[in-house]
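Chemist: So the chains spell out like this:
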Amino acid sequence: MGKYVIRRIGQMVIVLFGATLILFACLFVLPGDPVGSLGGDKARDPAVVQELRERYGLDKPLAVQYGNYVTNLVKGDLGEDYTQRREVSEVLAPKLQNTAKLALAAIVIDVVLGMLAGLVAALFRYSFWDVLVTLLTTLAIGFPSFVIGSIFQSQFAVKLGWFPLISDGSFNSMIMPAVTLAIIDAALVARLMRGTMLEVLRADYVKTAVAKGLPRRTVLFKHVMRNSVIPVVTYIGISFGGLLGGALITEAIFNWDGIGFALVTAIQQQNNPIIVGVVTYGVAVFVLLNLLVDLLYAVLDPRIRLS
Amino acid sequence: GGNDSKSDGKGGAAFRLGITEPVSIDPVNAQESEGTLVARNLFTGLYDVNLDGTLKPKLAVSGTPNDKGDEWTFEIKKDTKFSNGEPVNAEAFIRGWTRAAAKSSASDVAYHMNGIDGFKDLNTGKSDKFSGLTAAGEYTLKVKLSAPDFEFNKKTAHSVFSPMPKVAGAGDNKTFNDAPIGNGPFKMDGSWQHNQKINLVRNDDYGLDKAKLSRVEISILNPSSSSNLEYKGFESGQFDWARMPTPQLPVAKAKYDGQGEWLKLDSSGVNYLLLFTTESQMKSADARKAVSYAIDRAEIAKGVYQGLQEPATSLLPPTFKDVYKPDVCSSCVKQDKAKAKEYADKAGLKPGDTLDFGYNTGAGHEEWVQAVAKQVEDVLGLKVKLNGLPFKEALAKQQEKGTNGIWRAAWSADYPTADNFLSPLLSTSGINPDASGKALGDNRGRYSNPKFDEMLVKARETKDPAERAKIYQDAEKLAIDEDQALIPLWKRTQYRLANTKKYDGVKMDFFEDPNLAEISPK
Amino acid sequence: MAEPAKQSDQREPILQVRNLVKHFPLTQGILLKRQIGAVKAVDGVSFDLYQGETLGIVGESGCGKSTVARLLMTLETATSGEVFYKGQDITKLSGRALKAVRRNIQMVFQDPYTSLNPRMTVGDIIGEPFEIHPEVAPKGDRRKRVQELLDVVGLNPEYINRYPHQFSGGQRQRIGIARGLALNPEIIVCDEPVSALDVSVQAQVINLMEKLQDEFNLSYIFIAHDLSIVRHISDRVGVMYLGKMAEIGTDAQIYEHPTHPYTQALLSAVPVPDPEKREGRERIILTGDVPSPANPPSGCRFRTRCWKAQDKCAEEMPVLAIPEVFKGKDTPAAHDSACHFAEEKQVVGAA
Amino acid sequence: MTTIEKTAGTPDPATGGGKKSVPLLEVRDLHVEFKTRDGVAKAVNGVSYSVDSGETLAVLGESGSGKSVTAQAIMGILDSPPGRVAGGEIRFHGEDILKLPESERRKLRGPKMAMIFQDALSALNPVFSVGNQLGEMFRVHQGMSKKDAKAKAIELMDRVRIPAAKERVNDYPHQFSGGMRQRIMIAMAMALEPDLIIADEPTTALDVTVQAQVMDLLAELQRELNMGLILITHDLGVVADVADKIAVMYAGRIVETAPVHELYKRPAHPYTRGLLESIPRLDHKGQELYAIKGLPPNLLHIPTGCAFNPRCPKAQDVCRTDIPELLPVAEQDGTELDGRGSACHFWKETIHG
Amino acid sequence: MTELAKSKGPDAATAQPAAATGTAEPAPARITQWSEIRHRFVANRLAVVGLALVLLLFVVAAAAPLIATHDPYAQDLGNTLQSPSGGHWFGTDALGRDQFSRVIYGSRIAVIVGLASIFLACLIGMVLGALAGYFGKFVDTVIMRIADIFFAFPLLIGAIVIILVMGRGVTPVILSLAIFSWATVARLLRSSILSVREMDYVTAAKALGASTSRIIVRHIMPNSIAAVMSFIAFSVGTAIVAEASLSYLGVGVSPEVPEWGNMISSARDFMGVKDFLWAYPSVAIVLTVLGFVFVGDGLRDALDPKLR
Ligand SMILES: Nc1ncnc2c1ncn2[C@@H]1O[C@H](COP(=O)(O)OP(=O)(O)OP(=O)(O)O)[C@@H](O)[C@H]1O
Ligand SMILES: Nc1ncnc2c1ncn2[C@@H]1O[C@H](COP(=O)(O)OP(=O)(O)OP(=O)(O)O)[C@@H](O)[C@H]1O
Ligand SMILES: [Mg+2]
Ligand SMILES: [Mg+2]
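Respectively, the protein sequence lines represent chains A, B, C, D and E.
Quick note: the first sequence uses the working numbering, first residue 1, plus one each step.
Quick note: the second sequence uses the working numbering, first residue 1, plus one each step.
Quick note: the third sequence uses the working numbering, first residue 1, plus one each step.
Quick note: the fourth sequence uses the working numbering, first residue 1, plus one each step.
Quick note: the fifth sequence uses the working numbering, first residue 1, plus one each step.
No wet-lab data here; the hints were simulated from the structure.
Cβ atoms here follow ideal geometry from the backbone N, Cα and C, with glycine treated the same way.
Do not rely on the hints blindly, as some may be mistaken.
Pair by pair, the computed Cβ-Cβ distance ranges are [unchecked claim]:
#1 C:Lys308 with D:Gly334: 51 to 61 Å
#2 C:Glu324 with D:Lys285: 26 to 36 Å
#3 D:His301 with C:Glu276: 38 to 48 Å
Computed cross-link-like contacts, EDC-like style, restricted to lysine to aspartate or glutamate with a CA-CA straight-line distance of at most 16 Å [what the hints assert, rightly or not]:
#4 B:Lys397 with A:Asp33
#5 B:Lys334 with B:Glu299
#6 B:Lys463 with B:Asp322
#7 B:Lys374 with E:Asp71
#8 D:Lys285 with C:Asp251
#9 B:Lys385 with E:Glu256
#10 A:Lys42 with B:Glu32
#11 B:Lys302 with E:Asp76
#12 D:Lys285 with C:Asp214
#13 C:Lys277 with D:Glu262
#14 E:Lys206 with C:Glu76
#15 D:Lys348 with D:Asp333
#16 D:Lys293 with C:Asp151
#17 B:Lys325 with B:Glu467
#18 D:Lys35 with E:Glu36
#19 B:Lys142 with B:Glu75
#20 D:Lys265 with C:Glu276
#21 C:Lys211 with D:Glu288
#22 D:Lys285 with C:Glu256
#23 B:Lys401 with A:Asp33
#24 C:Lys277 with D:Asp244
#25 D:Lys285 with C:Glu210
#26 D:Lys265 with C:Asp274
#27 B:Lys374 with E:Asp76
#28 B:Lys438 with A:Asp33
#29 D:Lys99 with D:Glu89
#30 B:Lys374 with E:Glu256
#31 B:Lys103 with A:Glu54
#32 B:Lys383 with E:Glu256
#33 C:Lys329 with C:Glu344
#34 B:Lys197 with A:Asp168
#35 D:Lys265 with D:Asp338
#36 B:Lys174 with A:Glu87
All chains, please: the whole structure from these sequences, using the hints.
Modeler: Rendered as C-alpha cells:
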C-alpha cells in the first residue's frame, strides 16, 4: 500500500508533464501574441514586444519553451507573469490560499447539506420531502450561480447588511460565496446519495442491523451511510477538486480573489505563465485528491482491492 | 445614497472607490485609467488636462518650443519635494523619463516619448542616456525632438512623463513599483495589496495646493463584476464613487440624478467600426459608405443603450475643443436607406453578398453588434456573418492579413491631441506591418493615403494652433468622410455616481477618474 | 509430495490436481496496509478426479474447500501448483481456451444469494449459460430448456420471471444448481449445493445428479458438511484439514475404516436423525483451539487437537500416502492417510 | 415440557384456565403476504406455534414454506413493502408485540430476542470489521467503551471457535469462510444473552464437529439462561439431537406438531413421512433416494383444500376441497397424544396405517 | 418513447399469465426485462410526470414554429426590454426580440446541446470508466490519469481551441461540454464498479465462461449504474447551464441564437432591473431538468427489482 501511494505520486509527475505539455501545445497554437498588445486593444510598441519576447523566451520553439519551463519548475520557479511581470508564485500564492479557504468552506456545506438532503429523499421516497428535495435540487441547477449570488448580495449584503458586499477574506465574507458555490454540488451530492441509498436500504445487512436492535440513526448513519457513500465520495473528490480549481463566476460576483477568475483572465490575456501555473497546480490537486479518494475506497469498502 | 460610512477612520473621512487591478501604479508602466488614477495622484508632472482638452500647468512654470518646433524648454516650479525629501528638479524629470524609456523597463507607455531624440537608442538598449534631454539649469529642462511637434507639451500630461526620486532605481525595481514615492497630492499608505487594496493618504508636503481629503481607500475589484460591485457598494454606502453596469443605468439615473449624485461626461473616446480597406468586401469607399448609411445609430442608441449613448458623427471627440467638429462623417448623421443602397450599387455590393463582422466576446458588445448586423442585413440585403472571438484571438485575427469585412473597435485618448487619434488609427505608419504582413500597429484597417499622411506631418510642424487645428480637421474629413476609412458609431459617454452629500467638488476628470486632489469633505 | 500412486483401475483421470497452494495476504493498518503474513487457505493439495466419478470433499469449515473449488475453476490464481484437465494445465489458460474449458467445468456456488445477479430474473440467470455458449442450445429451444431445468431442480416454472430476492434460501440454492447443470458439463464442482434444502428436495437434486452422471458420465466434486449425503453420492471421499488433505479413499474406506484421527473425530460427531440415540453416543470431543490458517502448527497440522500426538508429529510433516502399518496389506484401511500413527478405530458410522 | 399449542380455530383451554405462566413466545394465526407483480403471494397462512423459556422448537419444512418469513415477522424485519403481516398475533412474554410502537420493539431486539440469519455473507455488513459488528451490540445496548466491546467481541469469537480470534477480529466478512461467517452471526445473536433466539439454519455451513460444538454452546446457553430457541433447519440429525418439539411447515402452514421423539417414530402427516423417508440411508447407497414427487406449490395459486394434495399419495377428493385443520392427534384407542397435532384429513391412516 | 406507447396492449395481456401461453406447460409468458421495467416505470407517478415534461420539451422543440408568436430573430429596437405583456408574454430582450418565442425556440438547442453532450460524455465516460473499473491495474491507471488531466485542464482553453478549429456554433459547444464531463462519468462509474466487480455473481458469470464484455454489460453495469444514472439525468440540466458559462466567457453559441444558457448569460447585468430576462429561460431549464431527473429516478427505480 505504501508502494501504491508512492507509485501514484510517481504517476502524478508523469501526469503533470503530460498535462503541461498538452497545455503548452494548446497555448502555442492559439493565435495571438501573448505580448503583442496592451491590456486594452492598443498595439504595443514593437521594441517592447521584442524585449518581452526575448525576456520570456517566446521567440523559441515549443520544445525549448517547454524544456525551460520544466527546468525552472524543478527549481521551483514558475516564471513571471506577462502583464504585471511579477513572480507567478507570488501572484498565485494568495489566490490559492483564498480559493482553498473558500473551497473548504463550500465543500463542508456541500457535504452536510447534500448528504442530509439525499438521506431524507431516499428514506421518504416519493413523499413530500423527496419531491421537495428534488425540486430544490433542480432549482439549484436551473438557476445559474450568478443569479443566486446576486440575489444573496442584494438581500443579505445590500439590504440587510449581514455580510460584507466586498469580500475581504474574513470568515463572515466567506459565507455567501461558499453557500453559492455549495448549492449546485450539494444538489448533485443529494441526488447521488439518494440513488445509492435506495439500493443499500434494502440490503440484508440492514435487516441484520435492525434485528440487532440498533437505533434507527445508527442503522442509517452507520450501516446504510457507509455503504452508500462510495459514489458520493467520488463525486465529492471531483467537486472539491473543481472548487480548489477556483470558481470563476462566484469569485467574480463576490470579488473573491481566487484562482478561478485569475485563470480566466489569464486565458483571455494569454498570460501563459499564470495559466500554466494554475493548471500545474490543478493537476496536482486532482491527482492527489483522486488518490485520496481511491485510498478512501479501500477504507470505506474493504472488498475493494487496490492494485 | 451613500450617506453613512463605517470607515470614518483616522483623521477624517476616507474617500472610497473601487477599481480593477491595474497593471502598474508606478508611472513607469501605469497605462489604463485605474493605474494612471493612482500614478497621477502619487506624482505630479508638468501639466494636467482640463475637461475641454486644454492644458492645466502643474509643475511647469512655462513650456516653450523653438520656432521649428523640434526643441522644447520647460521651466519647472522651484523648491518642491518628493515625499521622501528629495528635490523635484530638472534632473528628477530626466531621471524619470530616462527610467521609463530604458530597455529594461520594457514600458508599455514609454512610446509616448518616441519623438524625443535618443529614445530609440535608449529603448533598444544601445545607450543608457536619454540624449534628447538636458538640464539647462537646476529647474530648466530642455527637450530635443527628432521631428517638429508643436503639441509635444500636451503629451507630457501623460503620467509616464513624471519626475522620479533617486530611490526609484530602475524601472523594474519591484519594491518601488508596489509602493512608489512621489511628489503628488497623495502618498502611499503601505504597499499595494494586490487584488485587495490601495490606500492613499494626503501628502502634507505637497508643493502645490494641498488635497483636502486626508485619505483615499481604493478597493480592487474583479474586472468582470467591478461595475456591478461599485454600483451595489455605492447603494449600500460603501463607496463614494461608482461606475454602473450599462443595463442598470436608467434605473440608477432615475434614482440619483435628482439628488445631484449623477455625473455624466462625453469623454475623449469613440466607438467605431474598423474596416479592412485592403480586402475585398470593404475595399471600395462606396461599400464602406453604404454600410455606414445603413446603420441607424439613433435607434440603437435609444433601443439598446436606453438613450444613454449618443451617436458619433466624427472621429475626434467633443472634448478636443479646438479640433472637434460634429457631422464630419456625413454618412453618420442619419440612417439613409436610399443612399446606402445607392452606394452599395456603386460599389457592386449585391444582396446576398457576405459581410464578415468580427467582434471580441464577453465585453458587452454582443447586443449592439447584433443590432448593427441586422440593420445592415435589412437595408443592404447582405449576409452578415458575425464572428465573435475571445479578446486575444480577436486581436490576432484583426492583425492577420486577409481578414475581411468589418470589426468592432474603440479608441480613447492618452492626451488631448488630434494626432493621438489620427496618427495611430489612420496613418500609414500606424499599420506597422511585420514580415508576414500582420498589421502590428493600431491601423489594422490598413488605410493608407499619402495625402493624409502628409497632412499629419504638416500639422505637427505648424506652430499656430488655429492653423494646425484646421489641418487636422481637414485630415479627419479626408479620412472619415471622403475615404470613409472607418465608421464612427458612438461617442464615449461616461456616467458616474458620486457621493455629493458628503463631499464637495466631486467631478469626473479628463481621464474619467474622480478629481481626488480637489474633493473636499463637507 | 510424490505423485499419488495410480489407482488400480486404468481410467485416465479427467482432472489432476498437483500441489495446489493458495495463500491470501494478511494485512494490517487502514490506509497504509502492510502485509503481516498470509492465510494459508490451501497449502499443497493433490488429488485426481476420474471420469464418471464423484469425489466428495469434507472437512472443517475454513479448511479451504471452497478455495480449492475456486482454484479448480481458475477463479482465483493459484499461488502455486497445477490443475490438469485432460492433461492440460488450466491454471495458465486464458481467453478462448479458458472459455472452452469452462464450458466443461461448472460450479455451484456455496453462497446461493450473493452468487445470483440481483437485477436478473431467474429465467435470465438460468438462461445465461446458453447465451454464453450458444452451441449448447439453439435459440428457440432455450426457453424450454430453462423451464425444464427449473422443473428438474424442483422450482415452479411459473417463477421464471421472479428475482432472486423473492426466493427463500433453498430456492436460491436450486437456482444455482440449475445454472450449473445447464451446460451439461463434464465436471461439476458443487460447493455445498444442497445445504439449504429440505431433505426431500435434497433427495430430488441428488437423484437428478446421479441420473445425469449415469447418462452423461459426469464427474462431480462434491463439497459438503453433511457426511451422510457425501457418503451417499461419492465414490471417493477426501478429508481436508487446515489447507491440506488429511485422508482420501473410497467411501467405504473412509467411512468404515478411517485411519486419520481427524476423520475419526469428524465421523463421530455426525448427528443421527434419531432422537432415541441422542444420549449414549460416543463422540470424540476435540479439545484445544482450532489453529489459525495464518499460523499453522509445525509438522502435522492436526497435532494440537490430536489425542495421539507425540513429539514426532510436531517435527515431521506426515505425507499423504498409505501408512506404513497398512502397506502391502489387503485391508480397506490401506488407503492414503497423512498420519504418523494411523490406525483403525471404530467410530459410529454416519447414517 | 408443555403442551403444544392448539390451532387458532380451537380456543386454547390452557390460557383460558390460567394453567401456568404464559409461553415465552406465542405466534397465533400469523399471516404474511408479499405483493408481487403477478399478484399477492401468501407466504405465511395462519402459522401458530409457541416456545417456552428453556425450550427448543425446531421448525422443519419444505424450503420456501415460510419458515424464514415467519421468523422475520417475529423479529419485525420483514421487507415492507412488499411484505406485510396480514393478520395474527405475536405474543412475547404475553404481550402482542405487533401492537407495540417501533421504538419499544427495537428495545426488544438484541437483549430480548435475537436472530441468526440464514445467509451469513449478505447478512453481515461488508464494510465493517466483524469485531466492530459484534462489539456494536455491547456499545449500543450496554454503552460499553470501544475497547471493552472489542474485548467482548474477541471473547464471543473464541466462544464460537473462530481460530485466532484476536488476530482476525479486525477482518472483514468476505475474508472468512462460509462457516466462519455463520459462526459470527451466531456469536452476534448470543451476544446479549437474549430470552429468545431464532436460529435460521445456523449450522448448514458448518462441519459436523463445529456444528456439534455450536449446538452444544447454544444448548449450554439455553440451560444457563433458560433461553427459548427456535431452530429452523433441514438437518434432521441436528433436530433429533437438540429439539424438544417440532413444527413442520408446508406452504405457509403448520402441518404437523409433535415432541421430538414422537415425530421420528410415527409421523402423522404424509409430508412429514415423506421427509423422513428422504433421509439418505446407508442401505440405500447406490439407489435412488426417496423423494416426494411433484413440485412445491406456487404461493400465488395455492391448491385448494390441502396444499399438499397434488403431491400426496393418500389424497382423496376431500383433500382437494377442504382445508384440513391442525387437530390433536390421538392413539388408536382415543387417548390424546400430548403435544401432537396434524393437519391432515387422514392423519389416523398416516400415523397408524 | 414510441416503444412505450406501442406495447401498452401486450403488457395488459401478461396480467393473466396462464392465458398467454395456452400450451401444456402452465408457465407464464416470459416477461422480458424491458416490459418489466416499463411496467414498474409506468406505475411510478413522478416518473410519468417527468416523462410528460420531457415529451413536452420534445413537442415544443419540434413544433416551435407553430407555438412561437414571433420570429425569434426579429429585432425591434423601438421595443426593447419590454416587461411581459399581452403582446410579448415573456417580454422582450435588449434588442426587442420576443422572449417567449426565443424560449420556445431555445428548447431545440437545449435538447440538442443537453442531450448530445451528455450522450457523448456518457458514451466516452461509461466505456472508459467500465474498462478502468473492471480491469483495474494498468488500464485503470492510464484511463484515470487521463481523466485527472481532463479534470484539471481549463475548459475555456479547450473550448477556445475547439472553436478555433471548428468555428462557433452548436457542435463545438457540445464537444466542449462532452469532452470536459466524461471524466466525471468515468470516475463515478468506475467507483461503483470497483465494489460490484468483487461480487459473487460476477465470479459466477466468469465461471460460466462469460466474456468480459458480457460480464461488464450484463452483470456489472446494471448493478453499478444507479449512482451514475442520477448524475446523468441531472447533467442534462447542468450542460444547458454550463452553456451559459461558455456564452458568458464568449465561447458559447453565437449570441443571436435563441438558447437558454445564452439568454441567461446576456441577462446577467440586468439582474434586479429586468429579472424576466433570466427568469423565463431559467424556469425552462428547471422544468427540463425536473423532467429528466424524474425520468432518471423512475428509470433507476424501475431497473432495481428490489424496490417496490
Ligand atoms: N479473500 C480472502 N482473504 C483472506 N482470507 C480468505 C479469503 N478467502 C478465504 N480466506 C480464508 O481462507 C480459509 C479457507 O476458506 P474457504 O472458504 O476455502 O473455506 P471452506 O473450507 O470453504 O469453509 P466453509 O466450509 O466454512 O465454507 C479461511 O480461513 C478463510 O478465512
Ligand atoms: N420479497 C418477496 N416477494 C415475493 N415472495 C417472497 C418474497 N420473500 C419471500 N417470498 C416467498 O415467500 C416464501 C417463503 O419464504 P421463506 O424465506 O420463509 O422460506 P423458508 O421456509 O425459509 O425456505 P428455506 O428453507 O428455503 O429458507 C417463498 O416461497 C418465497 O418465494
Ligand atoms: Mg466454503
Ligand atoms: Mg429460509
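Chemist: Hint by hint, say whether it matches the structure.
Modeler: Evaluation of the provided hints:
no. : hint                               : verdict
1   : C:Lys308 with D:Gly334: 51 to 61 Å : 57 Å, holds
2   : C:Glu324 with D:Lys285: 26 to 36 Å : 31 Å, holds
3   : D:His301 with C:Glu276: 38 to 48 Å : 41 Å, holds
4   : B:Lys397 with A:Asp33              : 11 Å, holds
5   : B:Lys334 with B:Glu299             : 10 Å, holds
6   : B:Lys463 with B:Asp322             : 14 Å, holds
7   : B:Lys374 with E:Asp71              : 13 Å, holds
8   : D:Lys285 with C:Asp251             : 10 Å, holds
9   : B:Lys385 with E:Glu256             : 11 Å, holds
10  : A:Lys42 with B:Glu32               : 11 Å, holds
11  : B:Lys302 with E:Asp76              : 11 Å, holds
12  : D:Lys285 with C:Asp214             : 15 Å, holds
13  : C:Lys277 with D:Glu262             : 13 Å, holds
14  : E:Lys206 with C:Glu76              : 11 Å, holds
15  : D:Lys348 with D:Asp333             : 11 Å, holds
16  : D:Lys293 with C:Asp151             : 11 Å, holds
17  : B:Lys325 with B:Glu467             : 15 Å, holds
18  : D:Lys35 with E:Glu36               : 15 Å, holds
19  : B:Lys142 with B:Glu75              : 9 Å, holds
20  : D:Lys265 with C:Glu276             : 9 Å, holds
21  : C:Lys211 with D:Glu288             : 9 Å, holds
22  : D:Lys285 with C:Glu256             : 14 Å, holds
23  : B:Lys401 with A:Asp33              : 15 Å, holds
24  : C:Lys277 with D:Asp244             : 14 Å, holds
25  : D:Lys285 with C:Glu210             : 11 Å, holds
26  : D:Lys265 with C:Asp274             : 9 Å, holds
27  : B:Lys374 with E:Asp76              : 10 Å, holds
28  : B:Lys438 with A:Asp33              : 11 Å, holds
29  : D:Lys99 with D:Glu89               : 9 Å, holds
30  : B:Lys374 with E:Glu256             : 10 Å, holds
31  : B:Lys103 with A:Glu54              : 12 Å, holds
32  : B:Lys383 with E:Glu256             : 14 Å, holds
33  : C:Lys329 with C:Glu344             : 13 Å, holds
34  : B:Lys197 with A:Asp168             : 10 Å, holds
35  : D:Lys265 with D:Asp338             : 15 Å, holds
36  : B:Lys174 with A:Glu87              : 10 Å, holds
Consistency note: the structure conflicts with none of the earlier hints.
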